[in-house]
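**Student:** In case you want the letters, here they are:
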Amino acid sequence: MISASSALTSSSNRVSKRQNLLYILIVVLSLCGMADAIYLTVEHITGQSVRCTIIAGCSEVLSSSYAVVAGFPLASIGALAYFSVFCLAILALFGYRMAGLLLTPLVAVMCLVSIWLIYLQAFVIHAFCQFCLLSAAITFGLTALVVILWRIGRLTRI
Amino acid sequence: MKRILPFLIILAVLGVALGSAWYLKRSATEIHPVGATTNAKGASPTNSPATVSTTGVPGAEPAHTLGPANAPAHLEEFGDFECPPCGVLHPILVQMHKEFGDKLKITFREFPLVPAHQHAVAAASAAEAAGLQGKFWEMHDLLYENQKAWHEVFDVRPIFEGYAKQIGLDVPRYQQDVNGEAVAQRIFQDGKRGHSLNIKGTPTVFLNGREVPFESLPADKLRVLINVELAGSR
Numbered sequence: 008m009i010s011a012s013s014a015l016t017s018s019s020n021r022v023s024k025r026q027n028l029l030y031i032l033i034v035v036l037s038l039c040g041m042a043d044a045i046y047l048t049v050e051h052i053t054g055q056s057v058r059c060t061i062i063a064g065c066s067e068v069l070s071s072s073y074a075v076v077a078g079f080p081l082a083s084i085g086a087l088a089y090f091s092v093f094c095l096a097i098l099a100l101f102g103y104r105m106a107g108l109l110l111t112p113l114v115a116v117m118c119l120v121s122i123w124l125i126y127l128q129a130f131v132i133h134a135f136c137q138f139c140l141l142s143a144a145i146t147f148g149l150t151a152l153v154v155i156l157w158r159i160g161r162l163t164r165i
Numbered sequence: 010m011k012r013i014l015p016f017l018i019i020l021a022v023l024g025v026a027l028g029s030a031w032y033l034k035r036s037a038t039e040i041h042p043v044g045a046t047t048n049a050k051g052a053s054p055t056n057s058p059a060t061v062s063t064t065g066v067p068g069a070e071p072a073h074t075l076g077p078a079n080a081p082a083h084l085e086e087f088g089d090f091e092c093p094p095c096g097v098l099h100p101i102l103v104q105m106h107k108e109f110g111d112k113l114k115i116t117f118r119e120f121p122l123v124p125a126h127q128h129a130v131a132a133a134s135a136a137e138a139a140g141l142q143g144k145f146w147e148m149h150d151l152l153y154e155n156q157k158a159w160h161e162v163f164d165v166r167p168i169f170e171g172y173a174k175q176i177g178l179d180v181p182r183y184q185q186d187v188n189g190e191a192v193a194q195r196i197f198q199d200g201k202r203g204h205s206l207n208i209k210g211t212p213t214v215f216l217n218g219r220e221v222p223f224e225s226l227p228a229d230k231l232r233v234l235i236n237v238e239l240a241g242s243r
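Protein chains in written order, with my numbering: chain D, 8 to 165; chain S, 10 to 243.
For the record, the hints were derived by calculation from the structure and aren't laboratory data.
As the structure is a computational prediction, the values presented were derived from the model and not from experiment.
Not one of these hints is a red herring.
Calculated pairs, SDA-like style, for lysine to any residue (alpha carbon to alpha carbon, straight line, at most 25 Å):
id	chain 1	residue 1	chain 2	residue 2
1	S	K209	S	L33
2	S	K11	D	L38
3	S	K209	D	L140
For the chain S half of the interface with chain D, some residues (derived, Cβ under 8 Å), not all of them:
id	residue
4	P15
5	I18
6	V22
7	A26
8	A30
9	L33
10	K34
11	D89
12	C92
13	P94
14	L122
15	G210
16	P222
17	F223
Built from N, CA and C at the ideal position, the CB exists for glycine as well.
Bound conformation, chain S alone:
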């Protein structure tokens, strides 16, 4: 028995290791409903998108959205302008917006990661200040498209002011708003919503109230998920 015991221990540890890896992978790739809710009948939330109830605090209102309010598919992104993977997701969401048109609503929520990204709050503030003049998405696009140009710069204010000028903002008003209470409150409210949904990183995307696994964010996979939602809504 003593001769076999070490091999039994090794096999047991191997089993536990493989089991844990499988469990971790399964829980990481599950599509989680917002607030982990199921419908009253107890059906699997992944099979029944319409019955998933959305929880979490509301976030800044009115939210920054693209597409009609009653679109059958709703993508809600929690993003950080300084986060490189968010920059990678940006053109994918632009493409989805073009492809699905009126069938898709896209919402952007601020989730600046402090202290990981030194300019994340400044960038979020620039976008929100532009939003106060009705040009949130124009600033949003510029910030993502030029992410590499500003994220290692020491002082980003002149760069962001340049973007404000470029998109035709009233620059003195922008300069006043960017450090104002309204902008800070919007970022705070979106962050509060993100924390209430237990968000750990960016980009985090919800499709009709269910978290999309990070590995499903490439365009081809996201397109399939949106189509499934659209098919389910018919």
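Bound-form chain D, shown alone:
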């Protein structure tokens, strides 16, 4: 009985360690996303993003009407979203269970928005911006991590 209980504890510790590692990865990715989004926001505010550069695409994408939502640069909303992910992951890492639960819907919305933005770049604007693609890649990475977290959580409940 004792050995079964200690086996369960050791398995639970392993899961907890794995979850913590995933939260740390989410923290790192969200910081990368924040850096990318802050850079794009500043470029937007200062008007630099509208300038043509040797790499085609960014000026077309960032000067399009889709780059602004309700008067705010879309990149600033992205920065806020990444910051929220960062906050929730840090809180979850320190044992705030609710924060971990809120991560899933937030990242799901970000993933859907990223898919929509890639669609806009490919089929509406007909140009790709490498910073926007980087942001999408980070969001897809976050989605993958959240899915793994969700699976681990479900397994431990079983």
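Dock chain S against chain D, hints included.
**Tutor:** Structure of chain S alone, referenced to chain D:
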């Protein structure tokens, strides 16, 4: 302590993020002197336009200019005929030329962005070939005014030849010059100057040797900057 730690981390990250955003914005909106030089007394270059020394390689000579050589304000534009924001800047510079007359000299430098713009070099070549017949600005204006008409066309040569005819160029000579060494050299020299000034995109505009932030290129803001230069030169 463990309960407060995550909030401290969040606050620290928020501080770093806001600080970086402020720093990035400040460095993007600073008016940079060409070659980042200051005068010998160490005064701020933004306060003392006359003491800013111009560096960078010279570019194609003679340069394409509008206005008198000794005008107190000098705008130097690095442009790409296929770049939409350059097309937006074009009427603004025309307006500045009309408004300031002899007080303003405008120089155009070729900075075709390859591979971003497929016809940028062809357009620059057309303008330079027209320049060899003394009609650079006429071709320059036509290329910008009709940018939307040609930039998605597969073969732009017949269109540019049409412009050459329209502005009264000797078309056979234009056809010969457009692929010639003289034209290629001028584009190369202007590009070399642009790279020596660390230009990353177009349009990039220098006013009396200092880079004008992109956000200051709308007519009302540019007018203020030119007036400041003119006031400083008195």
